[in-house]
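Asker: These protein sequences, in sequence, are chains R and H.
Counted from 1, the first sequence has number 130 at position 130 by my numbering; the numbering is strictly sequential.
Counted from 1, the second sequence has number 316 at position 316 by my numbering; the numbering is strictly sequential.
Derived contacts from chain R toward chain H, CB cut-off under 10 Å, selection only:
no.: 1; residue: Arg52
no.: 2; residue: Ser59
no.: 3; residue: Ala62
no.: 4; residue: Ile63
no.: 5; residue: Arg100
no.: 6; residue: Leu109
no.: 7; residue: Gly142
no.: 8; residue: Asp164
no.: 9; residue: Pro241
no.: 10; residue: Ala244
Hints listed in this document are in silico derivations from the structure and should not be mistaken for laboratory results.
A quick note: this is a predicted structure, and the numbers were derived from the prediction, not measured.
No residue lacks a Cβ here, since even glycine has one placed at the ideal position from N, Cα and C.
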Amino acid sequence: MAELTLVEAVRTALGRAMEEDPRVLILGEDVGIDGGVFRATDGLWQRFGEARVRDTPISEAAIAGVAVGLAVQGFRSVAEIQFQGFIHPALDQLANHAARMRNRTRGRLTCPMVLRTPYGAGVRAPEHHSESIEALLAHVPGLRVVIPSSPARAYGLLLSAIRDSDPVVFFEPTRLYRAMKETVVDDGAGLPLDRAFVLREGRDLTLITWGAMTREAREAAEKLAAEGIEAELIDLATLKPYDAATLLASVRRTGRCLILHEAPRTAGFGAEIAARVAEEALDALLAPVRRVTAPDIVPPLPRLEAAYMPTAAEVVSVAREMMAWG
Amino acid sequence: MVARFEITCSRFIAADGTPTGVLPAFARDRGHLAALYEAMLRTRTFDEKAVALQRTGRLGTFASSLGQEAVSVGLAAAMRADDVLVPSFREQGAQFWRGVRMDELLLYWGGDERGSDFAVPREDLPVCVPVGTQFPQAVGVAMAFALRGEARCAVVVGGDGSTSRGDFQEALNMAGIWRLPVVFVINNNQWAISVPRSRQTAAETLAQKALAAGLPGEQVDGCDVVAVEDAVARALARARAGEGASVIECLSYRLTDHTTADVATRYRDDAEVSAHWPEEPVRRLRAHLTAAHGWTRAEEEALIARVQAEVAAAVEAYLAVPPQPLTAIVDHTFATLPPDLAAYRARLAEAQHG
Chain R
1 MAELTLVEAV
11 RTALGRAMEE
21 DPRVLILGED
31 VGIDGGVFRA
41 TDGLWQRFGE
51 ARVRDTPISE
61 AAIAGVAVGL
71 AVQGFRSVAE
81 IQFQGFIHPA
91 LDQLANHAAR
101 MRNRTRGRLT
111 CPMVLRTPYG
121 AGVRAPEHHS
131 ESIEALLAHV
141 PGLRVVIPSS
151 PARAYGLLLS
161 AIRDSDPVVF
171 FEPTRLYRAM
181 KETVVDDGAG
191 LPLDRAFVLR
201 EGRDLTLITW
211 GAMTREAREA
221 AEKLAAEGIE
231 AELIDLATLK
241 PYDAATLLAS
251 VRRTGRCLIL
261 HEAPRTAGFG
271 AEIAARVAEE
281 ALDALLAPVR
291 RVTAPDIVPP
301 LPRLEAAYMP
311 TAAEVVSVAR
321 EMMAWG
Chain H
1 MVARFEITCS
11 RFIAADGTPT
21 GVLPAFARDR
31 GHLAALYEAM
41 LRTRTFDEKA
51 VALQRTGRLG
61 TFASSLGQEA
71 VSVGLAAAMR
81 ADDVLVPSFR
91 EQGAQFWRGV
101 RMDELLLYWG
111 GDERGSDFAV
121 PREDLPVCVP
131 VGTQFPQAVG
141 VAMAFALRGE
151 ARCAVVVGGD
161 GSTSRGDFQE
171 ALNMAGIWRL
181 PVVFVINNNQ
191 WAISVPRSRQ
201 TAAETLAQKA
211 LAAGLPGEQV
221 DGCDVVAVED
231 AVARALARAR
241 AGEGASVIEC
251 LSYRLTDHTT
261 ADVATRYRDD
271 AEVSAHWPEE
281 PVRRLRAHLT
291 AAHGWTRAEE
301 EALIARVQAE
311 VAAAVEAYLA
321 VPPQPLTAIV
331 DHTFATLPPD
341 LAAYRARLAE
351 AQHG
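Next up, chain R with everything else stripped away, as it sits in the complex:
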C-alpha cells in the first residue's frame, strides 16, 4: 500500500503488467533510460531490459504501426506517444488497422495494444501540448478510449486496458500527473472498462465529466452543496464504449444533466451524451441539458490559458440556472 501520484500509479501498473505477463512490452520515445519525459516508465528499462522497454526513433506512425504488428503476433504492446498533440501520425494505424483488425479478419487476427499519451491543458506547456482530442478517437469504431482521473483509477484502468483483447487508447491528464496522492494498492486488481464511476451521489443534478475536469467538478459540487444543491458527480472514465446505463439512470433520478469537458464544444463528447439523454431520458428532464466546455478555439499559449479552461464557477453558475429553470 502506498500513497501515489497519478503518474506513479501509471508506472506501478506498467510494472505490474510486465511482471505478470511476459507478452507485455513498452515502446516509445525516451521511455527507456530516461524513463519517459514525465517519468511514467521510470525504472522499467532497468528492471525489464531493453528488449521489453524500447526507445524508438521519433516516428509516431511507426510506433503505432509496430505496436499493431506486435499485437497481431500476440504481444501486448503498450506504446507511448509523448504528448497527445503528436498523436496524429499514429491515427492512421489506429483507425485503419488497430481498430478493425479483428473485424476485417473475422477474429483471425486481433490487436490487443494500448496507446498511452498525456493530454490536456492547464500546465503552462508549449504549443501542441494542451489539446483534448478524445472525441476524435471516440468516433472510431473498434477503439476503446479510456481516461483516468485519479491515481487509483489510473492503476486499475491501465491494468485492464493492457489485459483487454482489443486496442485501447489511454489518455492521461497531464494536469493530474502530480496534482494529488492517493492510496494505491498494487494488488494487480483491474478496474472495469466501459464503466462510469459515481464519485459523489446527489439528488438534484447529474454532473458528468472525465479526466482533469473531475477536479473542477468536485469543487463545483462542494460549492453547490453549500447552497443546498446536491450534484451527483460521474466520472465517465471510458468514453468509448461508454456506460450509458449509469448516466441515464442518474439523469432519470435527478432530472438534470450537466456535462463538463475541457475539449472544445462543437462535436465534443458532451454532444454525444446530450443527444443520448435527449433520446432516452427527455421525459425525465426538468431543465435543458447543458454543457460547460472550452470554446471552439485553439488552446491559447500560457499567458491567456486560464481564459480557455472551464472553471468550477461556470459549472456552479450553469447549475444554478438549471435549478431555476421552468
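Given chain R, work out where chain H should sit, using these hints.
Answerer: For chain H alone, kept in the frame of chain R given last:
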C-alpha cells in the same frame, strides 16, 4: 569521402528466355521452374477472371497484377511457410503460393470479410488497402520474432508509390536500428495510378531509399522470377542470420489499369504499354523452360487446362458462398460486445429472423 554507395540491378533470364549467366541452383531445377511458371500462370488466369467477374457485376473493385506476377511469385517462393507475409493489395500471386485459396480472395474482393479469414496461412496479414501502412506493421511482426528468438522473417510488399510515404522510411529506419528480420519488397510497376515513377521521386532508384536507413538496397529485374526469388532468398538468409533487414526494388510494369475502377488510357500511351509487353514475366519463363528444359506444347496445354479448371472451380465455390448473417457486421467489433452493440446485434437478429 565519408561514405560511398552503389545500387546494383540483377537479372538472370533475359526477356527472350536466355540466361544471362550462371543460374542459381534453384533455377536449374526443372521442377521448381515449372512450379514458378504454374504459379505465375495461375495468377494471370485468376486476374483475368476476376476482372471479367467485376465487369459483369459479380465482383467488386479489383487490382490485377498483370505483368507483375514474377514479383509476387518470386518473393513467396523464397519464403518459408512459417514466415509472415504482409502484403499490399496486389500480391495475390504471393498469397496463392502461400496457401490462400482463390475462392477466399474472390470472397474478399467480392465484398465479404470472411475472405481475409483464410484457412492458411493463419498469421499472414490481410491485404493492406491504405498505401504504406503495412511497412511498420511488418517491423512489429519481425520484432515479435526477434523477441521470441524465432528464426522467422516478415516479408512486406508495397508499390513504387508507397515508398513516398513517411511510413516507409520510418519502418526502414526502425528495422535498421533494431536489425530486425524483415525484407521490404518494392513492386515498382512504374505507375501509382496516374503518376509515373519519374514524378514520384527524383531519386535514381527506389532501392537507394534503403541507404538512408543503413540497410542494403538493390534492384532486380521484376519480370525475371529467378532474379526476384534469388534476391529475396538472399535477403531472408541474411535476416535469419541476424544481419537485419533489406530492401529489394523489383522493376516491373503495370500492363493494365491500376484497378477495375481506373481507365489508364486517360494518362498513359498505349505505345508505352506495348513497348513493355516483350518484357513480361510469363512468356519469358515459358521461353526459358522451352529452350532450356524442353517444355512441351503438351505440357503447356495440360497446364493451361488445369489452371483454368482450378480458377473456374474457385469462381464456382466463391459464387456459392451464402452471405453472412446480418449479425456478422457487428460480431467482430470487440472480443465481447458492449451493451449498446449487443442491443444493436439483437435488433439485427430480430430483423433477420422476422
